[in-house]
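Novice: Here is how the chains run, residue by residue.
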Amino acid sequence: MAYSDKVIDHYENPRNVGGFDKNDPSIATGMVGAPACGDVMKLQLKIDKNGVIEDAKFKTYGCGSAIASSSLVTEWVKGKTIEEAVTIKNTDIAEELALPPVKIHCSILAEDAIKAAVEDYKSRHQA
Amino acid sequence: MNYFELFNIDVGFDLDLAQLSADYQKLQKVSHPDRFATASDKQKLIAVQQSAQLNDAYSTLKSPLPRAEYLLSLKGIDLNHEKTTMQDNLFLMQQMEWREQLEDIKHAQDIDALESLDEEMQTQIRLHLQRVKDWLATDCSQSHHSAADEVRKLKFLYKLRDEIAHLEEKLSND
Numbered sequence: 003m004a005y006s007d008k009v010i011d012h013y014e015n016p017r018n019v020g021g022f023d024k025n026d027p028s029i030a031t032g033m034v035g036a037p038a039c040g041d042v043m044k045l046q047l048k049i050d051k052n053g054v055i056e057d058a059k060f061k062t063y064g065c066g067s068a069i070a071s072s073s074l075v076t077e078w079v080k081g082k083t084i085e086e087a088v089t090i091k092n093t094d095i096a097e098e099l100a101l102p103p104v105k106i107h108c109s110i111l112a113e114d115a116i117k118a119a120v121e122d123y124k125s126r127h128q129a
Numbered sequence: 069m070n071y072f073e074l075f076n077i078d079v080g081f082d083l084d085l086a087q088l089s090a091d092y093q094k095l096q097k098v099s100h101p102d103r104f105a106t107a108s109d110k111q112k113l114i115a116v117q118q119s120a121q122l123n124d125a126y127s128t129l130k131s132p133l134p135r136a137e138y139l140l141s142l143k144g145i146d147l148n149h150e151k152t153t154m155q156d157n158l159f160l161m162q163q164m165e166w167r168e169q170l171e172d173i174k175h176a177q178d179i180d181a182l183e184s185l186d187e188e189m190q191t192q193i194r195l196h197l198q199r200v201k202d203w204l205a206t207d208c209s210q211s212h213h214s215a216a217d218e219v220r221k222l223k224f225l226y227k228l229r230d231e232i233a234h235l236e237e238k239l240s241n242d
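Protein sequences, first through last, are from chains A and B.
Numbers 3 to 129, taken from this note's numbering, label the letters of the first sequence in order.
Numbers 69 to 242, taken from this note's numbering, label the letters of the second sequence in order.
A hint or two may mislead.
With a Cα cut of at most 27 Å, we get these calculated BS3-like pairs of lysine-lysine [to be verified]:
hint	chain 1	residue 1	chain 2	residue 2
1	A	Lys61	B	Lys238
2	A	Lys8	B	Lys130
3	A	Lys117	B	Lys174
4	B	Lys130	A	Lys117
5	B	Lys174	A	Lys124
6	A	Lys59	B	Lys112
7	A	Lys91	B	Lys130
8	A	Lys59	B	Lys174
9	A	Lys91	B	Lys151
10	A	Lys82	A	Lys117
11	B	Lys223	A	Lys61
12	B	Lys227	B	Lys130
13	A	Lys61	B	Lys130
14	A	Lys59	B	Lys151
15	A	Lys24	B	Lys238
16	A	Lys117	B	Lys223
17	A	Lys24	B	Lys174
18	A	Lys59	A	Lys24
19	B	Lys227	A	Lys59
20	A	Lys61	B	Lys151
Pair ranges (Cβ atoms, derived) [unchecked claim]:
hint	chain 1	residue 1	chain 2	residue 2	range
21	A	Val88	B	Gln162	25 to 35 Å
22	A	Val88	B	Gln190	19 to 29 Å
23	B	Gln96	A	Phe22	48 to 58 Å
No lab work stands behind these hints, which were simulated from the structure alone.
Cβ atoms here follow ideal geometry from the backbone N, Cα and C, with glycine treated the same way.
The shape of chain B in the complex, shown without the other chains (with noise of 0.2 Å):
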């Protein structure tokens, strides 16, 4: 069973967060340990196996990246094990620049710079996550390889966005 069939939903990047959630609270006291107390140990395993299943399956489809992920694995595109490196000069250029920009904004302790990095990481994104969504509304091979190329791409904006958090967190606390 993959975890949008756990959830009773269709397979597809578009989803209703609230109803998720709200799924999720369901299921969980469902399959929760504590209700098989008094249960065989064969049962007891089961639950706490479901248990897990369905905190996997959560914390996957909540948040867009891992989702996305996801439903390329079901398609037959792995990105989390792969070893290929990506070589798009003008991407990754832009990649050097911003870590550049944070580089020099950590030094001159700059919390404005800071804040309008991470807006236009956010931007980034946000814009990223429609590309994704929009060849993954196409069900073709070649619309999976094109939205896997913009999941790859969002692994540096999020590890990037990553950084910033960190040195906000960091700056703030000073």
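Bound conformation, chain A alone (with noise of 0.2 Å):
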């Protein structure tokens, strides 16, 4: 099957992979996993005051799909409040990166990542 070239610009030069602190309190975890697949994804978002994401970071073990969803999303996050954030839709992924239906589910996957990762943030941020 055939990736798509911004697929492999994504797999190939994959941005802002890495992670923060979990414990420091601007930074948000979201993690996610696809049992079809058993890919695994980790998202962390470095969140302002108010509710401004200013930094992304990703972690994948997956396909070449699953790590450009991912790669993808901390370029789209960064700048969203967490409220806008939580509206990007796996369909908006999967259009981008123009990805097949059988690698559907891993834009799913970015997709809950950026949820998990604000459902987080809030949990910890309840006062």
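Starting from two chains that each stand alone, build the complex the way the hints lay out.
Specialist: Following this line, the structure appears as structure tokens:
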């Protein structure tokens, strides 16, 4: 199966690979996995006092599409508020990367990683 | 006819692998397309179909993970096509750690460390398979879903095991 140029670009030059200290209060961590293929994705967001995402990093163990999907969302979420970030839909990711139907679950993984990270942030900042 | 019925065995997770293999050989001979060389086209077609179904049934039942997945599909849980993500934090964190370990081992080309990671995976797989077996022993929807959760976890473990085997092969060839 052929990967699109955008997938290959993100796969060969992934943006924002790595992680932040998960104990830092400004860091939100989202962990998700896709049982169908065994892919694991960790997305971390650095969020300022106003709920704006300053920075994002990811670590993904999986296929090219899963890596490209997570790399893409780290670019997309930067500068967005957490409310805006959770409106990113897997269909937007799949469309941008031209993912074939069998790889749609990779974009779902990336969407759910954003949601999981925001949930993590909210659960730790309920004052 | 489901795969268990094809082999004339009870539907369940526990089965006699030696018996399954022996029955497979026997059934395979009966439906082998070569036996139908002089038969009509229709009979040939049926023989080919039966032989293919028998192969599918055998490869599904002989390995515990596909067998468990197949059993759950008979109970109405289709794990193969599900797109829902798993969000069990502790489990995923551990998966991440093991994958990072494997990366380190790859860079260090540390065969001993690879072997001990492989042993740990085998232990984990045995543990989760035992839980699948325990849950499948009770025929109710709640225990089916618990068994499905264990099967989902096993898919991550088997994936890692495959990667370990792949690296093992690579390191021993270098």
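Novice: Give a verdict on every hint.
Specialist: The hints, checked one at a time:
1. A:Lys61 - B:Lys238: Given that 27 Å is the threshold and the Cα spacing comes to 24 Å, the pair holds.
2. A:Lys8 - B:Lys130: violated (41 Å)
3. A:Lys117 - B:Lys174: violated (32 Å)
4. B:Lys130 - A:Lys117: Violated: Lys130 of chain B and Lys117 of chain A sit about 39 Å apart, past 27 Å.
5. B:Lys174 - A:Lys124: Not OK: Lys174 of chain B and Lys124 of chain A at ~37 Å, beyond 27 Å, violated.
6. A:Lys59 - B:Lys112: violated (58 Å)
7. A:Lys91 - B:Lys130: This hinted pair is violated, its Cα atoms lying about 40 Å apart.
8. A:Lys59 - B:Lys174: Distance of about 23 Å is within 27 Å: holds.
9. A:Lys91 - B:Lys151: holds (14 Å)
10. A:Lys82 - A:Lys117: Answer holds: Lys82 of chain A to Lys117 of chain A is near 14 Å, not above 27 Å.
11. B:Lys223 - A:Lys61: OK: Lys223 of chain B and Lys61 of chain A at ~19 Å, within 27 Å.
12. B:Lys227 - B:Lys130: The given pair, whose Cα atoms are some 18 Å apart, holds under the 27 Å limit.
13. A:Lys61 - B:Lys130: The given pair, whose Cα atoms are some 35 Å apart, is violated under the 27 Å limit.
14. A:Lys59 - B:Lys151: Holds - the C-alpha atoms of Lys151 of chain B and Lys59 of chain A are around 24 Å apart, at most 27 Å.
15. A:Lys24 - B:Lys238: violated (34 Å)
16. A:Lys117 - B:Lys223: holds (23 Å)
17. A:Lys24 - B:Lys174: holds (26 Å)
18. A:Lys59 - A:Lys24: holds (12 Å)
19. B:Lys227 - A:Lys59: holds (24 Å)
20. A:Lys61 - B:Lys151: holds (20 Å)
21. A:Val88 - B:Gln162: 25 to 35 Å: Between Val88 of chain A and Gln162 of chain B, where Cβ atoms are some 26 Å apart, the hint holds.
22. A:Val88 - B:Gln190: 19 to 29 Å: The hint (19 to 29 Å, Cβ to Cβ) is violated, given that Val88 of chain A and Gln190 of chain B are roughly 40 Å apart.
23. B:Gln96 - A:Phe22: 48 to 58 Å: holds (57 Å)
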